[in-house]
Amino acid sequence: MNEIYAKTLNKFAEFKRDERGSQTLEWIGIAAVIVIMVGVISTAFSNDTSIGKKVLTKMKDLIDEIAGGSGG
1 MNEIYAKTLN KFAEFKRDER GSQTLEWIGI AAVIVIMVGV ISTAFSNDTS
51 IGKKVLTKMK DLIDEIAGGS GG
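The opening residue of the sequence shown carries number 1 in UniProt numbering; numbering runs sequentially from there.
Treat the hints with caution; some may be incorrect.
Unchecked claim - Here are the computed distance ranges between Cβ atoms for each label pair:
id: 1; residue 1: Ile28; residue 2: Asn2; range: 39 to 47 Å
id: 2; residue 1: Asp64; residue 2: Thr24; range: 14 to 22 Å
id: 3; residue 1: Ile4; residue 2: Gly39; range: 48 to 56 Å
id: 4; residue 1: Ala44; residue 2: Lys16; range: 20 to 28 Å
id: 5; residue 1: Asp18; residue 2: Ser42; range: 51 to 59 Å
id: 6; residue 1: Val38; residue 2: Phe12; range: 34 to 42 Å
Read the hints as simulated data drawn from the structure, not as lab findings. No experiment lies behind these values; they were computed from the predicted model shown. Every residue gets a Cβ at the ideal spot worked out from N, C-alpha and C, and that includes glycine.
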């Protein structure tokens, strides 16, 4: 019985120290903030197309640069 208890405690300790996926969650959070910002900016400038398009273009370029995309 003690052996099972010790193995269980070791597994929980390993699980607690395991940080796999934490960086992915951080990137998902950053992406969510960027998507929200783009949505707010596009809504704010929906009537003024010249400024709104410029801001959206810059934001999309920034997102592509962060994501490592080629933009097209």
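Status of each hint after checking the structure:
no., hint, verdict
1, Ile28 / Asn2: 39 to 47 Å, "holds (41 Å)"
2, Asp64 / Thr24: 14 to 22 Å, "holds (19 Å)"
3, Ile4 / Gly39: 48 to 56 Å, "holds (51 Å)"
4, Ala44 / Lys16: 20 to 28 Å, "violated (44 Å)"
5, Asp18 / Ser42: 51 to 59 Å, "violated (39 Å)"
6, Val38 / Phe12: 34 to 42 Å, "holds (41 Å)"
Of the numbered hints given earlier, the model fails hints 4 and 5; all others are met.
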